[in-house]
Structure formats: C-alpha cells, structure tokens
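If you read the sequences in order, they're chains A and B. Just so we're aligned: 372 in the working numbering is position 221 of the first sequence, and the numbers increase by one with no gaps anywhere. Just so we're aligned: 105 in the working numbering is position 89 of the second sequence, and the numbers increase by one with no gaps anywhere.
Don't read these hints as lab results, they were simulated from the structure. Quick reminder that beta carbons are idealized off the backbone N, C-alpha and C, glycines included. Honestly, I wouldn't trust all of these hints.
[As the list claims (entries may be wrong)] Here are the computed lysine to any residue pairs in the SDA-like style, where the Cα-Cα straight-line distance is at most 25 Å: (1) B:Lys47 to A:Lys655; (2) A:Lys555 to A:Glu767; (3) A:Lys655 to B:Tyr417; (4) B:Lys224 to B:Gly44; (5) A:Lys248 to B:Glu338; (6) A:Lys782 to B:Gly44; (7) B:Lys224 to A:Arg595.
[As the list claims (entries may be wrong)] Restraint ranges, calculated between C-beta atoms of paired labels, are given here: (8) B:Gly545 to A:Glu333: 36 to 44 Å; (9) A:Pro260 to B:Val600: 53 to 61 Å; (10) B:Gly301 to A:Gln737: 52 to 60 Å; (11) A:Lys276 to B:Glu412: 42 to 50 Å; (12) B:Arg348 to A:Asp593: 35 to 43 Å.
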Amino acid sequence: MKRIGVDVGGTFTDLIYVDGDTFAVYKTSTTPHDPSEGVMEGINQLCSIVGAEREQIDEVFHGTTIATNMVLERKGARVGLLTTEGFRDLLHIARHKRPYNFSIMQDIPWQSNPVVLRRDRHVVKERVTAPNGEVLTPLDKEAARQAVRKMRADGVEAIAVCFLFSFLNPTHEEEVLDIIKEEFPEAYVSLRSVVSPQFREYESFTTTSLNSYVGPKTASYIENLEKMLKNSGYSSATLHLMQSGGGVATGKAAAAKPVHLLMSGPAAGVQGAIWASKLTDHSHIISLDIGGTSADIAVIPNLKPGMRHLLDTQVGGYSAMVPMIDIATIGAGGGSVAYMDDGGFFRVGPRSAGAVPGPACYNRGGMEPTVTDANIVLGRLGTELLGGRMTIRPDLSRQVIEDKLAVRLGQSVEESSLGIIEIMNTNMIQAIEKESIRRGLDPRDFALFACGGAGALHACSVARELGIRQVIVPASPGALCAVGLVATDLLYDFSKTEMQLSTKPDIARLAKDFALLEQEAKTRLQEDKVKEEQMSLQRIAECRYLGQGYELRVPVEQGEITEQTFQAITTVFHRTHLEFFGKDYQDTPVEIVNIRVEGIGEMPKLEAATIPAGSEDPSEAYKYSRDIIFKLDGKIDTYSSKVYDRSKLKAGHQIQGPAIIDQMDTTLLVEPNCVATVNPYGIILITIQ
Amino acid sequence: MSEAIGYIQGTDIKRVSVDPVTLQVLGGAFKMIAQEMGIVLYRMSYSSIIRESEDLGAGICDAKGRQICESENSPMHAGSVGGYIQGILQKLEGNIHDGDVIIHNHPYYGASHTPDVQINIPIFYEGALIGYSAINAHLVDVGNAGAGVAIDARDIYAEARIYNALKLYERGKLNEQLWDMILDNVRTPSMNANDINALIAAAEHGKKRFLELIEKFGLETVFSASEEWMDYSERMLRREIAKVPDGVYHAESYLDDDGVNLGKPLRVSTTITIHGDSLTVDLTGSSDEVMTAFNVPFEGSTRPSINTAIHDLFLDDALHSEYIPQNEGLERPVHIIAPKGSIFNPNFPRASSARFNQVNRMADCIVRALAPVMPERVSAGSSANIHYIVYSGFNEEVGEYWVYGEVTEGSYGGRYGKDGIDTIDCLIANTRNVPIEETEWHLPLRVERYEIAPVEAAKGKWRGGIGVVRQTRFLENGIVGCEGDRHFNSPPGLFGGGDGQPASLVKNPGTDQEEAMPSKVSADYFKAGDVVQVISPSSGGYGNPLERDPQLVLHDVLDDFCYLENAEADYGVVIDPVTKLVDVEATARVRAARIQEFAS
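With the rest of the complex left out, here is chain A (with noise of 0.2 Å):
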C-alpha cells in the first residue's frame, strides 16, 4: 500500500510517502495564496524521487489549517443564522464572561468579529422543550421561507439553522432545511442537529455557525484538490483529512463538517508522537513540541491522548464544541525574547523574535536576547544551522545578551544565558505539572516525548526537573506531523445529549440512542469502503454527578446495553472522578449527559523502518567536540563535548553526556549525568541519571 502524509504549516509543506518498509520525507514552501499548489507540487515531486508511478497511490493523508486560518484571519464566508424567536443574540451574550478580569480596553472577539453579523441574524417562532422534545409553538413555516429569501437577497453565502434544544428533535430543523433547498439551494448549510446535537446552545450555535462560516471555501478547496489529484494522474487516491480529534475523514465527511479541522494541525503531530513511541517501552508519555514562538504540550497516558474540555475548545476566541485532542500550548519557544520588565524582574517570552527579525545571532536586524541566542552562548546549538544553509554569529548574541541582560543583572554572560534557558525551561515545567495534575496524574509516570526544532534541546532539563526518567527523541522530531497523518485511523465521532440518571435508567432508551449513533457511525464507515473487519466502535457517555455542570469521559463497554452497562458506567465515573479531583461522592446520582460514539476504520498499519546495527561504542559517528556551559550543583562549568551526526548513528550506540547529536533539522543536547541510546528504529532514549 503506498501512502502519502502532506502537512501544510505556515512556512513548510512537509511530506512523507511510506510503502511497506520504505520511507522517504520532503520538504517544499508553502504556497499561502492557494495551499493546495504547494501540495501538488510536493506530492508530484515525492513520487517522481521515490519512483513510485502515480496511478499506484493509493492514499494521501491530508493535515491543513485552511479552515483555522480562516478563523484566525477571519475571513470566512457571510453567514446567516435563523434562530429561534426571543434568542437573536446568544452568539453576541456568549456566557457573559469578559477574557480578562481587570481590563477596561479588552476586545471581545465574538463582538468585534461576530460569525454572524447581527443583521443576517433572523428569529422565527418556534419551540421545542425538554426533557422529551416537545413541541411547545409549531415553526412558522412562512416567517421561515420570508428569512431565507432576505439572507439570499442580502449576499448572505452559508446558512446556519441553530434553535433551542433541537437535538432533541429535529424537526424543526429539517423543515427550514427543505425550505432552504426551494428558495437558496446554492447555500452551503449547517443544521445544528446535524453538526453539533448537543446541550450548551452558546457553544453549540457557535459551532454550527463556524461550520457555515469555514464551510464554503473549505468544501471548495478540498474538491480542488480532489479534482487536481485525478487530473494529475493519481487515479486510485483517496483523500483523507485530518480532524481535531485525532482521526481522518474522507474528503467528502470533511466538507460537511469541516468544523471539525480546526485544530488538526497539533493533532497529527501527537499521532506521530504516538505511533514513534509504540517503537520504545513506554506506554505513558508527555510530548514537548518546541518551535520557533510556541510549545505545544499534549499529557498522553496509555498512548491515549485526552480530549479537551468544553471550556478549552476554543478557536480563535470562538467556542467549538468538538473533539480536540487535549494540547496546551505556551508561548516559549527558540524566538522567545529575555529582557528586563518594568519592574526590574528578569522574563523570557512570550513575546518572540519570530523568524523575522529573529534572534540576534541570525543577523537579520534582532536587537533583543531570545532563548536561541543563549543556546548559542553556552554552545549548545552549533554556529551553522538547516545543514549549513544558515550562518550563525555568536558574537552578536553574546552581545546583546551582555547588553541587556548580564550588566544589569550584574553577572557574567554565561550566567544570564543560564538564566535564560532556566526561565524558559521553568515556564515549560509548570506548563507539564498543569496538564499532568489537573487530570490526576504524575508527571514521574511518564516518558518525556521531544520534538519540534528545539524540543531535544530542552527535554533532559525539563524531565529531571519534573522527576521524569527518560526522554525519547523520534528519528525525525521535525516531520512528526507528516508521520502522524499517515499513521492515523479513520475516525468519526458522532454524540447525542442524554441526560439519563443512574438511578432512574431507562435501558431502553439508552439502547436505542446507542444503537441510532453506531448505526451513522457504520453508515459513515461503509460509505469509505471500509470493510467490516477493520471497522470498531467505541461506546462513550460524558457524566457527571447530578447538580454538577461539567462531565467527564467514560468509556463503555460493548455489546447489549442491560442494568450493568448502567453500573458500569457508575462505577467507572466514581473512579475517575476519583482520579481527576480526588474525591468522589458514592452516594449522589450518576447522570448520563452526552453519549458519544466514535467509529474506527483502521488503517494498514504504518511499518517501521530498522537502522543499521552497532556496537556500544558511537565513535563512527564522532564529528568533533565543542565546549558547552553547564550550571552543576549551582557551579558554572564548561564541559568538552564529543558532537556526533545522527544520520551515521547505528542501533545499540551508546552517547554518554554531555555530548551532542546533530541532526539537519534539530539538534539533541545529552546532559552530564545523561546517557543517550539509540534503538533499532534510529529512535534515541536519553537516560537521566
């Protein structure tokens, strides 16, 4: 089977094509005016290096922020919102809550940028109520068609049908559906029912909403490239994009719902982190992405990762209530500027350098000290950079850093380059203790997982800080996302509000629900030709204690729903709830507000590739050694350090720190006390001591 992985980032379009055992990674620039120029033009390039014939493709695996970049720049599609009558402007109250406590001058996006303009947002009488979706005032059918026809005349482009709990019956929904269809069929439409079907109306309209909003543009760019594929020749691919939930979808389920790209770009990259890391003996790791403005840092115990919290799943100030793979993300990164504030506190990030002017030492006209700066004064990141095609000064680092920092710190250079380092490496450590604590778990449980440029450069600090026993560094820490698309499972995730209680079960109807949701969920599957063996189904409620407000996930157990499914279900909220807050209340009714299922097309499974085998002793890989700054024991020292080309490395190499491995796309920094290991799939342990 041969497979290709694109992933469109800001500035590189990385791409990966597998076939068995045989890998091969490129790189190209983005195109920002048309991303899908950029992809073709990779994906063409690929196959004409690896030789593969391009009717013989059989998928390409698709990570794009085309959708999110909409959002952010807000330049999405003209939107019309037909609400019910009373409730014009829960997109405008939202829940009422400025971001910031004390601030006077705060912007509050969803006003300053609504999705919907309050103008193309149109009320009509209707009302369906809980708990059994009765219908309390019929749609005016009327009003309804004179709505649409007003959005149409107005240059209105996408619709989105969002009234009060609807998800308990849609019906309302459904008929302004058909309506839309006579009067306005070229509307891309968003029922609420459809793409978010659950409790909580200013998230849910919200979501509806960006759906309409991303809709259009994003449909059209994936038939594009669906379109572009075939003319090109690649006759036998299927498109899949990746979703912010941790799965692909076929082109097709994508347009419908591209709400659901929203953050897939982190997305992939945990995938990627994930399947690396089924290469080693961990089971638990934290991954620790660090990049030129950012870290991104995802808690994944059991390999699984955790979803985000409806409070969390938020896009460019905006609330979308879907899945998201649970990833925090800080402003501390390679660009991140050191300087002395106001008050005379020494702080690193998170403003940053950015590429442009960039760290001092890149001599693009950086007057300020970053963290990359700092590296290169302790002479852990190297003076040539990308393989060579970047020159480094290292004087002007020392300089600046001189400048700014060290006389008025009163120390020496090396010293508040150590200070630099250690403030960024602290924000990164008490980002990693949130994430892991307010889930309940112990960092020390964990593997450290490093990537992104400057993640290795980091990781031993940071993980002997937390407790943490090894870091794992994959064979190409910069083309994990690329390798997360391709290692991923279709994966469709479908939910229903049921508020059910413990106590008072109503097993039928919880079958029932189950049951209609596995139906879609399978429909969706076969509809991708997935055959029935590789298909699965999770089973999911979202429960909380009755008079609670936010749920947590339990899984449930497959086949026929009975009386136990139900104690089941009990049983394994109270140990979770356990887990996350430590406590639990036994006595209280249990109560089932969201069911979900997620259905699973598995994959061929991506197969790995093995490296050459060694000795202990890396000294063919040895390439020269360099004196780096180390603070041990609260002494300042300077260490030589053997440095090594990755690229010449062979299973069973052992690296003792410090040292360093070099590689063209990031560079691993082994501390003293540290011993690094390569293993049969060119993946590094680092071994604190």
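Position chain B relative to chain A; hints supplied.
Structure of chain B alone, referenced to chain A:
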C-alpha cells in the same frame, strides 16, 4: 543559601535574597497553586453560582493572613482571602492545630459577605504554623431570611447563619454535630454539603502543593520570593500612578434605595487624590449605613472592589504584557477612607449581604472620576450594577428547596477608540451564565427571551454598550428574590457622548397583569405561569457623536444598534432608506451645519 537581610514582616522567617531566575520560578508556582485550587473547586462543585459564575476566591496566605497568591476567578475577590484569615485570628490565634479545618463567614471579621463561606486549612511545616490554604465561594443559601437573599434583614442575625471561625475538623477529626448544625439550617443541605466538601478538597490541594514548594526551595526562599513579588506589584502600580498628574478628582452617583425606603436614593461619592506615586480613595459623602442588608462589609468587599478598580485602570490586563499578581503589594500605594457608619463601612450588627451594586457603582465612579486625566484608559459610565435574581421553590419529592441564583450581565460605556461592550459582566462582576438548556432541563423554569435589550445604543464617537433582556416563566409555584439597582439612574455619557438607559424588573410583561417590580425583592411569590423579565442598563457613549465614522453609523443601523430614523438627528449621518448607503455629501453638509450651530 543567600545571606539573610532581616526577617519577613511579622514572622521569624529570615528574609534572604532570591536570585532572579528562582523568583520567576516561584512566581509561576504561586500563580499555579491558586489557579489549581480554583479549578478543583469549580469543576467539582454543585451550585451554578460556583461552577458557572466562579463566584469564588482562593489562595495561600502567610501566618498573619497576608496573601501570597490568589486564583483570580472573580474580581469581587481581589485580595479578599487574607481578610478572612485575619478575622479568624482575632478569635483563634494560638489555638490552631495541624488537621484543623476552619469555616468562616463573619462579615465583621473579614468575610466578603455572609453567603461567601471560606474554608481555611492551616499549613504546618516542621511543627510551625507557616500559613493557610484558603478558599471561599458563594453558597447558594446560608439560611437567609429569604431563599438565597435577605434584603429586608435588619441585622446580621436576620440575614444568615453566622460561622465565626468554627472548626469543622479539629486535629483531623470531623465535628459531626457542627456539620449537622450547619446543614440543618439551610434550605439546600445536599448542595451545601457537596460544595463544602469541594471547598475542603480544593484547600487540601493548595496545602499539599505549597508544602511541596517549600520542600523543594526551602521556607526562607519561598517566603522571601513572596515578599519580592509583593514589592514588584507595588512598584509596577506606583510607576503607573506616577504617570497621572497630581490632583483631586471626583465623581458621584445615586443608588435607587435600600430596598425598604423606596424613593430614597443613596449617594455614592468617590474622591480620588493622586499624589506622586500613591493615591487616596475617599468615600466620604457616601450614604450612611442603612437598616436593611444593603450595606457593604469593609474588609471583605469595599477594599477588594477598590483593588479591582485600581487594577483595571492602572494595570489593565489587556495593555500589560507581564503578569502582575494581585497581592498585598497592590494595596500599599492605595489609601482608603471610608467613614465608619457609612454604607461602605457599616457598624456591627448591620446586615450586609446585598453589597454588589454599591461596590460596582463605586468602581464606576472611580473610573469616571479619573476620566479627565486618563482619557485613554476609562470608559463612559457603565451599567455598574447587577441583578442577582434568586428563583426558588420547594421540591416536595426531594423534601428540599431548589434555589437557583442568576447574575444578570450589564454593559460597558464607550471607550477611547472602541465601542462599549454589550451584554457582559461589568467591572467587579465577571461570572458565566448558565445554559438555558441546562436550566430548563433541571428546574421548573422556562426561559422565553434572552437577547440584546430592545433599545438604541447611547450615542457617541464610540457608542455605549447595550444591556440584555431576559425573561423567565415559572412552570410551578415559586419565589423570586432579587438584589438589584439602577432602575432610576442612567449611566452617564463622557466627553459629549449620550447617556445610557436604566434597568428594569417586570412581572408578567405585556399582559394585563404587568407589574413593575422594585430593584430589590426579598420574596415575591410567583404562581405557575408567571413571568419575570429583567432588562439591564445600557451604558453611556464616549465622545462627540458627530465625529463617529459614518460607516460605523451605517453598520449600527443595519444591526439595529441605532434606528434609521435617528441616524441623522443623533449622528448627523444621512442614510438612504432604500439603498442603505451613506449619503456622503448630505452627511458632510448636515454635520458642518450642526458644528456651526454648536459654535454659535
């Protein structure tokens, strides 16, 4: 270890110098501990006033009750946690042991007000008491005169049950009699039991995390870093105050009434004196204390609200890239004068549970007072009220009351370069609403309207924010209580902007039983089918409306923030009613004539 440079104030802990890197490490850790406490509480708590509104304050204090860090969930609790500890110490100093869990809500001993119950856990290290992990939250009912509210209470005994530094646990052992006593005297015992347990879990978490920090960095370093961070916050605030010209600045406003003596407005007077890098907030001239619960506990509410107003103005979160922690340092440059016996500093035993409107209006006055010298940092008059509406009824099946409190959002006045914010919690308030689909599912209520209030925005170069309208029907017989204000007084415009509009509370609007309700309601009995409608204030405009960009006026017209027929009168903007385009020439003509008219 660094050399000692004296002792930490009020303790025998040596103050040492802390290196700049460790300072950052500990600053981040302080912030995180308090945040985690807040997260533990609001994600596992039961009442919506905690979990959605986040009406809570959490933090670690030293042994004297000075706050080291706080969770910043609610601006109402900016710096409130330490006041409780100081109140507790007046009774229990010398009698506090490892394993004690102390419950406290006495408004004359530091509590924010009686519903905000704080759980306090002492932290011992090597046998010595070094501080407290403490967290307070609004319990939906504390045995008030009415369910969840007590407007007409004449003293604190009529207002609520008082927990004056009581040990719920003593040396680790639960006092079951006390626990029963507490729960037997509230309308919502199940909810309170779970919420108090959640508070204890959150406080235990804070204690554990703080001790881990001390194990790792040492007692002296941790406490010395805390001192450094207080000094830092103080420095940052002083720098900003120093940028504002010295002088005396004044603003005032009027609250509707005390809830009993209707038609008798109450004055709020703020005089700000800026002197170099410090300032005085003088509340002299504000109304005397009242004989209802409409008074403000000084330590627990007046002071934290002033902290918030000052933080808003001088260290606006959106304008400062560095995180400046809310700690005692921010209080040092600010001197407060609140005459004893005034509404902002009442005498025992005056009741004081309904205090939000007074402090919010006071904050708005502080903002407006400084408008002449901080025009780019202030807004025109904001809603600066709340309506805290408590819906309740008796659930026969369970044998308990259901009590549900809802904070109605307000709006902000126009700002320099920006329109006011619509339908949002204002100044001292920053809560989250409860989803309608949650309310209807679990309570005998139906929400029938929730949208931007049907009024025009106050005119201005930058328009005022608009309030909300929310309408709820009882499906069973029930009770309404309300702590509200601003039914008579409109948020004023600034620098030529128009005034906003007041709030209202109406029973059965649009029917022949329509009845205007006062802003404060102790207990009004509603029948099944009755409706309550609240409209919150719309805020004032900022600057001359004739200078508003005509295209923005057009957008206002299209979005119903300004009515087409008023665009010319209010803004001098002529819009073609058919094409819905700005008539540029006519607009220029009208505006020129208007300016001429004004000049002559």
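Evaluation of the provided hints:
Taken as a hint, the Lys47 of chain B and Lys655 of chain A pair is broken in the structure, with Cα atoms around 43 Å apart against an allowance of 25 Å. Taking the CA atoms of Lys555 of chain A and Glu767 of chain A, the gap is near 45 Å; set against the 25 Å cutoff, the hint is violated. Simply put, Lys655 of chain A and Tyr417 of chain B have alpha-carbon atoms about 21 Å apart, close enough for the 25 Å limit, and the pair holds. Taking the CA atoms of Lys224 of chain B and Gly44 of chain B, the gap is about 17 Å. The hint holds against a cut of 25 Å.
This hinted pair checks out: Lys248 of chain A and Glu338 of chain B have alpha carbons roughly 22 Å apart, not beyond 25 Å. Distance check on the hinted pair: Lys782 of chain A and Gly44 of chain B sit about 22 Å apart at the alpha-carbon level, within 25 Å; holds. For the hint pairing Lys224 of chain B with Arg595 of chain A, the CA-to-CA distance comes to about 17 Å; that is within 25 Å, so the pair holds. Between Gly545 of chain B and Glu333 of chain A the C-beta distance comes to about 38 Å, which sits within the given range of 36 to 44 Å.
For Pro260 of chain A and Val600 of chain B, the hinted distance range of 53 to 61 Å is not satisfied, since their beta carbons lie about 31 Å from each other. Between Gly301 of chain B and Gln737 of chain A, the C-beta spacing of about 57 Å keeps the proposed range 52 to 60 Å intact. Checked against the hint of 42 to 50 Å, the C-beta distance between Lys276 of chain A and Glu412 of chain B comes to roughly 34 Å, which is inconsistent with it. Range check, Arg348 of chain B to Asp593 of chain A: about 39 Å between beta-carbon atoms, so the 35 to 43 Å window is met.
Violated hints for the displayed structure, listed by number in ascending order: 1, 2, 9, 11.
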